[in-house]
Amino acid sequence: MSDTKTQDRSARISLGGRSGTLEGRSADGGVVRQSFSHGRSKAVAVEVKKQRRPGGKPAGAPAGRGPDEQARGAQAPSGQGRPASSRSDAGRGGPGRRPVVLKQLTDEEKQARVRALVDARKAEEEGRKRAIEEARIRAEEEARRKTEEEAAAKRKAEEDARRASDEEARRKAEEAAARLLAKEEEEVRKREEAEKAATTQAAVEPPAEARSTTVDDSGRTTPSARPARPAARPADDDSARGKARSKGAEDRTRGPAPKREDAFRGGKIVLDGDDVAERKGPSLAAMRRRIERERRQMAGSRGAQEPMVREVVLPETIVVSELANRMAVRGGEVVKRLMKMGVMATVNQAIDADTAELIVEEFGHKVKRVAESDVEIGLEGVDDRDDELLPRAPVVTIMGHVDHGKTSLLDALRNADVAAHEAGGITQHIGAYQVRLEDGRPVTFIDTPGHAAFSAMRARGAQVTDIVVLVVAANDGVMPQTIEAIRHAKAAEVPIIVAINKIDLPEADPERVKSELLGYEIVAESFGGDVQTVEVSATQKQGLAELLETINLQAEILELTANPNRPGQGTVVEAQLDRGRGVVATVLVQRGTLRVGDVVVCGDRWGKVRALIDYRGQQAKEAGPSEPVEVLGLDGVPEAGDQLVVVDSEKRAREITDYRLRKRRETAAVAGARGTLEEMFSQIAAGQAETLAVVVKADVHGSLEAIQAGFDKLGTDEVKVRVLHGGVGGITESDVTLALASKALIIGFNVRANAQARELAKRDGVEIRYYSIIYELLDEVKGVLSGMLSPVAKETILGHAEIREVFDITKVGKVAGCRVVDGLVRRAAHVRLIRDDVVIHTGMLGTLRRFKDDVREVKEGFECGMAIENYGDIRVGDVIEAYEVEEVARTL
Numbered sequence: 001m002s003d004t005k006t007q008d009r010s011a012r013i014s015l016g017g018r019s020g021t022l023e024g025r026s027a028d029g030g031v032v033r034q035s036f037s038h039g040r041s042k043a044v045a046v047e048v049k050k051q052r053r054p055g056g057k058p059a060g061a062p063a064g065r066g067p068d069e070q071a072r073g074a075q076a077p078s079g080q081g082r083p084a085s086s087r088s089d090a091g092r093g094g095p096g097r098r099p100v101v102l103k104q105l106t107d108e109e110k111q112a113r114v115r116a117l118v119d120a121r122k123a124e125e126e127g128r129k130r131a132i133e134e135a136r137i138r139a140e141e142e143a144r145r146k147t148e149e150e151a152a153a154k155r156k157a158e159e160d161a162r163r164a165s166d167e168e169a170r171r172k173a174e175e176a177a178a179r180l181l182a183k184e185e186e187e188v189r190k191r192e193e194a195e196k197a198a199t200t201q202a203a204v205e206p207p208a209e210a211r212s213t214t215v216d217d218s219g220r221t222t223p224s225a226r227p228a229r230p231a232a233r234p235a236d237d238d239s240a241r242g243k244a245r246s247k248g249a250e251d252r253t254r255g256p257a258p259k260r261e262d263a264f265r266g267g268k269i270v271l272d273g274d275d276v277a278e279r280k281g282p283s284l285a286a287m288r289r290r291i292e293r294e295r296r297q298m299a300g301s302r303g304a305q306e307p308m309v310r311e312v313v314l315p316e317t318i319v320v321s322e323l324a325n326r327m328a329v330r331g332g333e334v335v336k337r338l339m340k341m342g343v344m345a346t347v348n349q350a351i352d353a354d355t356a357e358l359i360v361e362e363f364g365h366k367v368k369r370v371a372e373s374d375v376e377i378g379l380e381g382v383d384d385r386d387d388e389l390l391p392r393a394p395v396v397t398i399m400g401h402v403d404h405g406k407t408s409l410l411d412a413l414r415n416a417d418v419a420a421h422e423a424g425g426i427t428q429h430i431g432a433y434q435v436r437l438e439d440g441r442p443v444t445f446i447d448t449p450g451h452a453a454f455s456a457m458r459a460r461g462a463q464v465t466d467i468v469v470l471v472v473a474a475n476d477g478v479m480p481q482t483i484e485a486i487r488h489a490k491a492a493e494v495p496i497i498v499a500i501n502k503i504d505l506p507e508a509d510p511e512r513v514k515s516e517l518l519g520y521e522i523v524a525e526s527f528g529g530d531v532q533t534v535e536v537s538a539t540q541k542q543g544l545a546e547l548l549e550t551i552n553l554q555a556e557i558l559e560l561t562a563n564p565n566r567p568g569q570g571t572v573v574e575a576q577l578d579r580g581r582g583v584v585a586t587v588l589v590q591r592g593t594l595r596v597g598d599v600v601v602c603g604d605r606w607g608k609v610r611a612l613i614d615y616r617g618q619q620a621k622e623a624g625p626s627e628p629v630e631v632l633g634l635d636g637v638p639e640a641g642d643q644l645v646v647v648d649s650e651k652r653a654r655e656i657t658d659y660r661l662r663k664r665r666e667t668a669a670v671a672g673a674r675g676t677l678e679e680m681f682s683q684i685a686a687g688q689a690e691t692l693a694v695v696v697k698a699d700v701h702g703s704l705e706a707i708q709a710g711f712d713k714l715g716t717d718e719v720k721v722r723v724l725h726g727g728v729g730g731i732t733e734s735d736v737t738l739a740l741a742s743k744a745l746i747i748g749f750n751v752r753a754n755a756q757a758r759e760l761a762k763r764d765g766v767e768i769r770y771y772s773i774i775y776e777l778l779d780e781v782k783g784v785l786s787g788m789l790s791p792v793a794k795e796t797i798l799g800h801a802e803i804r805e806v807f808d809i810t811k812v813g814k815v816a817g818c819r820v821v822d823g824l825v826r827r828a829a830h831v832r833l834i835r836d837d838v839v840i841h842t843g844m845l846g847t848l849r850r851f852k853d854d855v856r857e858v859k860e861g862f863e864c865g866m867a868i869e870n871y872g873d874i875r876v877g878d879v880i881e882a883y884e885v886e887e888v889a890r891t892l
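When we follow my numbering, the leftmost residue of the sequence shown carries the number 1, and every step to the right adds one.
Hints may be right or wrong, so weigh each one.
Claimed, not checked - In silico lysine to aspartate or glutamate, EDC-like type, Cα no more than 16 Å apart, as pairs: (1) K720 with E690; (2) K42 with E109; (3) K368 with E316; (4) K814 with E869; (5) K368 with D352; (6) K608 with D648; (7) K490 with D509; (8) K336 with E361.
Worth flagging that the hints you see were computed from the coordinates, not collected in a lab.
With the hints as extra help, turn the sequences into a complete structure.
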């Protein structure tokens with residue numbers, strides 16, 4: 001009955017909380033609608049199950065309900081989804097049917113639950129990791145704490161042991177001192193007792209001189225002993241000592257008292273009549289003080305150490321802090337000593353060597369004076385012994401005039417095309433290459449440019465070479481740069497081999513070349529001299545084998561040797577700043593072996609060799625004598641011709657380069673100051689000289705040096721080129737800023753400006769000129785300097801006029817009536833007034849008239865009237881000379 005009522009009745013089922021309400025037609029319909037706020041609703045499936053009774057089959061269970069449904073009905077929570085009548089029936093022992101509502105989850109809720117589960121797992125994993133990390137940190141902290149505790153316990157044990165040792169030593173010293181003191185006191189007591197006993201005995205038995213005589217009744221005299229003076233009591237010691245001091249003056253007047261052998265340390269007993277004066281040695285207090293002093297000295301010698309005497313190296317100037325470090329004292333102590341000497345200096349200031357020497361001596365150290373240049377002592381090492389020398393390859397320098405075929409000859413020797421990569425068909429850089437002969441022996445060639453601007457580069461090439469190959473074109477003969485190359489080779493005292501090139505040309509005349517060389521003391525072997533000559537053709541590859549054979553023969557005569565088993569030393573042939581590789585220096589190793597990783601000093605630059613590139617462009621691990629290599633790793637671009645030396649440590653390399661940089665700055669400052677004074681006096685005497693300020697940037701240092709040398713040759717007393725800055729590398733913003741501040745011209749030789757520099761130069765109007773051929777650069781700069789020259793004033797005589805009459809006109813002045821005797825006279829021309837063949841006045845012609853009209857000019861044979869500006873002293877018979885002044889541009 002109750003089940004039927006429950007199914008027929010429509011009920012509103014509340015799910016509780018904020019989930020909403022369920023509404024449906026009937027419970028066994030299986031679907032109810034759940035309503036939410038804002039008019040939302042949702043359909044939910046509902047299933048009604050019966051409650052299982054303990055006795056067996058559930059009450060009111062319909063036929064056909066299986067055990068699974070009964071089990072699901074048993075799992076449903078009580079009191080949810082049941083009508084009120086059913087709940088009331090169950091409470092009264094009715095059928096007890098409980099409806100259960102199952103909620104269908106949406107995809108969003110499922111995803112939310114999955115995300116919540118994933119987040120929970122992540123949180124759990126993170127918590128576990130945090131717990132593991134915290135446990136690890138706690139374990140490390142515990143281990144560190146234990147280590148510190150063990151170290152503290154160890155230190156405490158050591159301190160306790162040391163303290164116990166010191167206490168034991170102190171106790172033993174005190175016991176020894178106490179025993180010594182007791183022994184001394186015992187000796188003093190024994191001596192005092194002996195002295196008292198001697199004093200008592202002397203008082204009981206006085207000497208004969210102290211006896212007296214008495215007269216009895218019968219008139220006879222009988223000797224009688226005077227009663228002895230009782231011995232002084234201990235309480236009367238002070239009075240006895242006072243009497244002894246009062247008697248001391250009388251004793252000094254009487255003379256020295258007799259000495260006793262039993263006197264203690266000079267102490268003695270003097271018996272003089274009725275007075276007894278006692279003199280003793282050191283008092284007991286003095287002895288105790290002496291024992292205490294000895295004990296302190298023993299303890300001091302045991303605890304303190306002897307001061308360490310150091311040898312302090314003093315350069316010409318040294319910073320106070322560095323001096324304190326070398327003496328191992330505090331900087332404040334050194335400052336105090338300096339203040340006592342009257343020198344007010346802080347720890348960061350430098351003092352001279354003399355003051356530092358006084359300070360070192362006050363601290364008890366030894367002084368070793370050194371000069372700044374001592375850092376370079378032993379830099380090049382010791383000389384090689386004869387048994388250490390081994391044969392090496394000869395170094396050959398190719399020299400000659402422009403376009404005589406030097407590079408082409410070298411190309412033919414090493415089967416490489418270098419000239420095709422040179423701008424303008426000439427060599428701009430010094431190149432170093434190696435060629436192997438047929439027997440496998442190498443020959444090192446150095447190619448130097450032939451243009452006149454590269455004189456310094458050719459000079460450096462001659463300094464590092466063993467043999468000079470002078471290339472002379474057979475069709476051109478001896479040229480100016482050929483003569484200069486001969487001078488460089490003779491200055492370097494190296495043998496010369498003349499290679500007469502271009503013999504394949506129709507106009508070639510080798511004999512003429514040999515004859516021209518006679519004028520410069522180059523005598524060929526065919527003419528009876530000692531200079532070998534070889535006729536070659538670089539383009540046709542003729543005579544190359546003979547040239548190599550001649551070089552080999554000359555090298556054998558020279559007996560070239562070097563020691564490869566020592567640190568490497570060489571000369572920088574060329575240096576440049578490569579954008580991708582940094583500083584690249586072409587070095588010709590002269591002795592020793594240069595290896596990758598060596599610390600080198602090159603002029604005022606240093607570095608660690610990062611890589612070695614041979615002449616073939618391949619990386620090498622080492623380079624021996626006479627091998628040219630490119631060295632990477634220097635901290636700056638060195639100068640061509642600098643010596644490269646391997647040192648033992650980076651510290652010494654820094655010391656050497658710092659010293660060289662400091663000397664270079666001092667030299668530049670002195671030279672700059674001297675030049676400024678000289679320029680000031682010269683400008684005062686001859687006027688201001690016009691200067692062209694330039695900023696030069698080149699690709700290699702040798703080109704930069706050649707450009708600067710060319711600028712120096714272009715300068716005169718009136719105009720000159722002033723190089724504000726010269727460097728290796730591209731043009732940067734700082735170069736543009738410097739040129740802008742000084743109104744200078746920027747010259748780039750085989751380099752370009754970066755984007756920022758170009759933008760800044762365009763904005764500020766700074767001119768940048770690029771060049772790739774050096775003689776074009778010099779020609780343009782020469783033209784600019786020529787334009788800066790002041791023009792020359794050139795006079796042109798127009799004619800002469802003789803004064804026939806002088807007229808004095810009111811408001812005008814004196815006017816000369818003249819006749820033109822030769823040439824012509826123009827208006828506004830320059831004139832000279834000549835009287836008796838002497839120039840009286842020079843000025844301008846003010847008026848030129850014929851009759852009453854002003855005219856432009858008057859020719860020969862005509863009469864005219866003339867007046868000179870601002871001058872009236874004219875006479876009949878004077879001659880007026882008319883002339884024009886023309887300014888003519890000058891050239892260098």
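Quick rundown of the hints versus the structure:
1. K720 with E690: It holds: about 7 Å lies between the C-alpha atoms, which stays within 16 Å.
2. K42 with E109: 14 Å, holds
3. K368 with E316: Since the Cα atoms of K368 and E316 sit roughly 11 Å apart, the hinted pair holds (cutoff 16 Å).
4. K814 with E869: 11 Å, holds
5. K368 with D352: 14 Å, holds
6. K608 with D648: 11 Å, holds
7. K490 with D509: Roughly 25 Å separates the two Cα atoms, so the pair is violated.
8. K336 with E361: Answer holds: K336 to E361 is near 15 Å, not above 16 Å.
Comparing the model with each numbered hint stated earlier shows that hint 7 is the single one that does not hold.
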